[in-house]
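The listed protein sequences derive, respectively, from chains X and F.
The first sequence: position 290 = 797 (the numbering used here), numbered continuously.
The second sequence: position 160 = 545 (the numbering used here), numbered continuously.
Calculated from the structure, these hints are not laboratory results.
Note that CB positions come from ideal geometry on N, CA and C, so glycine has one too.
Careful: at least some of the hints might be erroneous.
Claimed, not checked - What follows is a list of derived Cβ distance ranges for each label pair: (1) F:Ile-493 with X:Val-789: 18 to 28 Å; (2) F:Arg-400 with X:Thr-732: 18 to 28 Å; (3) X:Ala-677 with F:Glu-449: 46 to 56 Å.
Claimed, not checked - A few chain F positions that, by computed beta-carbon distances, are all more than 12 Å from chain X: (4) Leu-412; (5) Ser-456; (6) Gln-461; (7) Leu-477; (8) Ile-481; (9) Arg-494; (10) Arg-495; (11) Glu-504; (12) Ser-509; (13) Ala-539; (14) Glu-547; (15) Gly-606; (16) Asp-612; (17) Ser-617.
As the list claims (entries may be wrong) - For the chain X half of the interface with chain F, some residues (derived, Cβ under 7 Å), not all of them: (18) Arg-748; (19) Thr-799; (20) Asn-858; (21) Met-861; (22) Arg-878.
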Amino acid sequence: MSIDKTSSARHAAVDAPGAAEGAVAAVDPRLLVQQEGIAGYVTEFKRKIKAGELGSIPVIVGLILIAAIFTSLNSNFLGPGNITNILVQMAGTGLIATGIVFVLLLGEIDLSVGSVSGLSSAIFAVLAITHGMNNILALVLALASGAVAGAIHGFFFARVGVPAFAVTLAGLLFWNGLMLQVLGPDGTINIPSDNVVYKLEGYYFSDVAAAYILALVAVVIYFWTAFSQNRRRQQAGVPARPVSDILMRTVLIAIVAFGVAIIFNQYKGLPLAVVIFVGLLVITDFVLRRTTYGRKVFSLGGSVEASRRAGINVTVIRITVFMIAGFFAALGGLFLASQIAAANQGAGAGNLLMNSIAAAVIGGTSLFGGRGRTWNALLGVLVIISIQVGLGIQGVAAPIVSMVTGAVLLATVVIDAITRKTQRSAGRA
Amino acid sequence: MTATPVLALRGVSKRFGAVQALTDVDLEIHAGEVVALVGDNGAGKSTLVKTIAGVHPIDEGVIEWQGRQVSVNRPQDAQHLGIATVYQDLALADNIDVVGNLFLGREIRRYGIVLNEVEMERRSRELLDSLSIRIPSVRIPIASLSGGQRQVVAIARSMLGEPKLVILDEPTAALGVEQTAQVLDLVERLRARGLAVLLISHNMADVKAVADRVAVLRLGGNNGVFDVRTTSQEEIIAAITGATDNAVTRRASRTAEVQK
Ligand SMILES: Nc1ncnc2c1ncn2[C@@H]1O[C@H](COP(=O)(O)OP(=O)(O)OP(=O)(O)O)[C@@H](O)[C@H]1O
Ligand SMILES: [Mg+2]
C-alpha cells in the first residue's frame, strides 16, 4: 500500500499539474533534448565545447590547416594525384593503427605491432615467392601469424598478469628477430607486380563507374540504416532523431564520398587499398559500437572491476583484443610491403610503431581507455601521412619530418589532457 | 517463520593474507524478508556480501541456496542462482551510458550478437519509471550523474535479472533525504514482491524502518540476530560495539531465535 501513497505523492511533487495521467515519463524537464535544425546543432556544439567533448573536432581543424598551409606552398598538394597517393599510402599505417585503437580502448598499449607487421611480410614473401606456395594460402598464414603473436601477448598479459607494455616490448624484440631469421641471409625478397600483395596498393578500379557506384552504395546504406533505426525507435516509443538531422548527415557523407570519388577518377580510379581500409573501418566500427563484443571492450576500458562483476570474461576479451591488434598489424605489414614491392630487413622498423600509435591518439582515441573509435585511426593517419608527403614535396629532410610529427602528437595529447580536465569539472571524466 | 531459507550461510570463513575477515559466520534469509546486516567499520560486512556474490569465494563453510548446498566461485554463479548485488563501491562503467550500464553483461540482442539498443532503451525507461527514478537522460555516460543518481541506477540494474535475493551494501550512505526515502520504498516494494533482501547499513533509523531482522557482525564473526520489533536500538548498538556482552543481548538473541 505504501507504493500507492508514495507514487501519488511524488506525482504531485514533481509533475506539472497539467501532465496527462499515465503519460510516459519519457520527457523529464531536465532531459537533454536536442533542438531541431541548425539552431540545435549550434547549441549542441556549444554544449560539447563547454563540456570538453571535442571528439574529432581538433583533428579535423588540424587537417584543414595542414591542407591550407601545404597548398599555399605548392598548389599541387591538393591535386588528384597527390591526394590519391596520400590515401593509398595511409592504408598500411592506418590498418596497424586500427588494431591499436582496440588496445587503447582497454587502456593498454601494444609496442610489438611494428615487428609483427614486418614478420607478416617476411612470412608471406618467403612462403609465396621463395617457396612458390599458393598466394592466398600464404596471405592467410601471414595474417594468422599476426593473430597468433597477439594471442601470445594476450596470454601473458591476461593470464599471467605481466604488464602489457612489458610483454609487447619483449614481442617487439622477439618478432623482429624472427623476421630476420625467416628472411634469411639475402635480406630482401622482391614482390612481382602480378602478385596479390603487390595489388593491395597497386591495383585501381580504373572504370569510372566503380568509384561512383561505391559512393552511392555507401550513402544509400548509411541513409537506410539511420532511417530504419529511427523508425524502430519511433515504434518503440523512445525518442528518435529528427529526420532533418538524418538528412543533413547523409548530405554531408554524400559530399565527402562523391568528392573523393571524383578526385580518384581524375587520376587512376578507385584504389583497392582505400576500399579495403575503409571497408574494415566500417566493420570494426560496427563491431565496437553495435555488438556485445564491442560493449565488453568499452566496459573493460571503463572499469575492469565493474566488468568482472557483470559476468564479463575479462581474460577472453583481453586476449582477443591483442589478437585483433596482431591481425591488423600483420595486414598493415602486407600493405607496407606492397608499397615498396618487397619484403626486406627494414620492414616494421623506424617510425612505424610510433606513427601507428600516434595516428590512433591524434585521431582522438584516449590513452586512458574507454574512449575512441576506429575512424580515429583514419583521421590520425591522414594527418601524419599528409605532413610526411607535404614536407616531402617541399624537400624537407626526414629528421625535420620526425620533429614535426612529434610536435603534432604532443599537441594532441595536450588537448586530450586538457579535455579530460574540462570533462572532470563538467562531470564527464 | 516456515520453510527453508532462500539463502543460508553455515560456518563461513574468509581470509585475506594476514587478515581473517570472516570467522565462522552463520546467516539465514527467507523469501519476503528484509534482513539488515550491521556492524562497525571493518566488521566484514562488505566481505560477506562479496562471498555471497561470488567476488571472493569462501575459504571454509557452506552456502545453501533454497536448502541445496551450492558453490559460488564466480559472479556468474551468483547471478544464475538469482542473487543480485549492489556493491558499496558501485561497479558501474563510467564511460558507458545509463542504458548500457543497466544491461551490462546481459544485453538484449538481435541476430545473436548485435545490440538491440532500441529495446534496451525502452525497457530502461520502463524500469526507471516503475521505480520512480528520474535522471536527466538515459543516454548520458554514468560519469555525468550525481552520486545519488548513480546509486539508484545501480539498484535499478540489480532488478533487471528478476532476482530472488537482492543484496544492498550501504545503499543510502551517500543519499539525500528524498533519495533515501525512495530507496527504502524500493526495499519495501521488493519485499512485497516476495523477494529476500539483505540490507547493509550504518543508519539505525533506516534499519528500524524497513528490516524484519537484524544480524550483527563484530570483528568478522556473528554477534547475535535480533527481531527488529522486539529489540531496542540500544541493544543492537551494544551488540555492534561489543560494549555489553551481557544477559540482555544474549536474551534478545535467544528470543529472536525462538520466534523463528
Ligand atoms: N580485498 C581485500 N584484501 C585484503 N583485505 C581486505 C579486502 N577486503 C576487505 N579486507 C579486510 O577485511 C576486513 C573487513 O572489511 P569489509 O570491507 O568487509 O568491512 P565492512 O564491514 O564492509 O566495513 P565498512 O562499514 O567500512 O564498509 C577489513 O579489515 C579489510 O581491511
Ligand atoms: Mg563495507
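Any CB of chain F closer than 7 Å to the CB of Arg-878 of chain X? Status holds, d = 6 Å.
Would Glu-504 of chain F pass as off the interface with chain X, using Cβ distances and a cut of 12 Å? 7 Å, violated
Evaluate the condition: distance from the CB of Arg-494 of chain F to the nearest CB of chain X exceeds 12 Å. 6 Å, violated
Beyond 12 Å from each Cβ of chain X, as asserted for Ala-539 of chain F: The claim breaks: Ala-539 of chain F does not keep its Cβ more than 12 Å from every Cβ of chain X (closest is about 10 Å).
Chain F contact restraint on Arg-748 of chain X - CB to CB distance below 7 Å: Arg-748 of chain X check fails; min Cβ-Cβ to chain F is 12 Å, beyond 7 Å.
Can we keep the Met-861 of chain X interface hint, with Cβ of chain F closer than 7 Å? With a closest approach of 26 Å, the Met-861 of chain X hint is violated.
Gln-461 of chain F non-interfacial with respect to chain X [C-beta, more than 12 Å]: 4 Å, violated
Would Ser-456 of chain F pass as off the interface with chain X, using Cβ distances and a cut of 12 Å? Given a closest Cβ separation of 16 Å, the condition holds.
Assertion that Glu-547 of chain F lies farther than 12 Å from chain X (Cβ): The claim stands: Glu-547 of chain F keeps its Cβ more than 12 Å from every Cβ of chain X (closest is about 15 Å).
Lying within 18 to 28 Å: is that true of the beta-carbon distance Ile-493 of chain F to Val-789 of chain X? Because 24 Å falls inside the window, the suggested range holds.
Confirm or reject: Asp-612 of chain F is not an interface residue toward chain X, with every Cβ-Cβ distance exceeding 12 Å. 21 Å, holds
Look at the Cβ atoms of Arg-400 of chain F and Thr-732 of chain X and judge whether their distance stays inside 18 to 28 Å. This hint is violated: roughly 54 Å between Cβ atoms.
The structure does not agree with the numbered hints 2, 6, 7, 8, 9, 10, 11, 12, 13, 18, 20, 21 stated previously, though it agrees with the rest.
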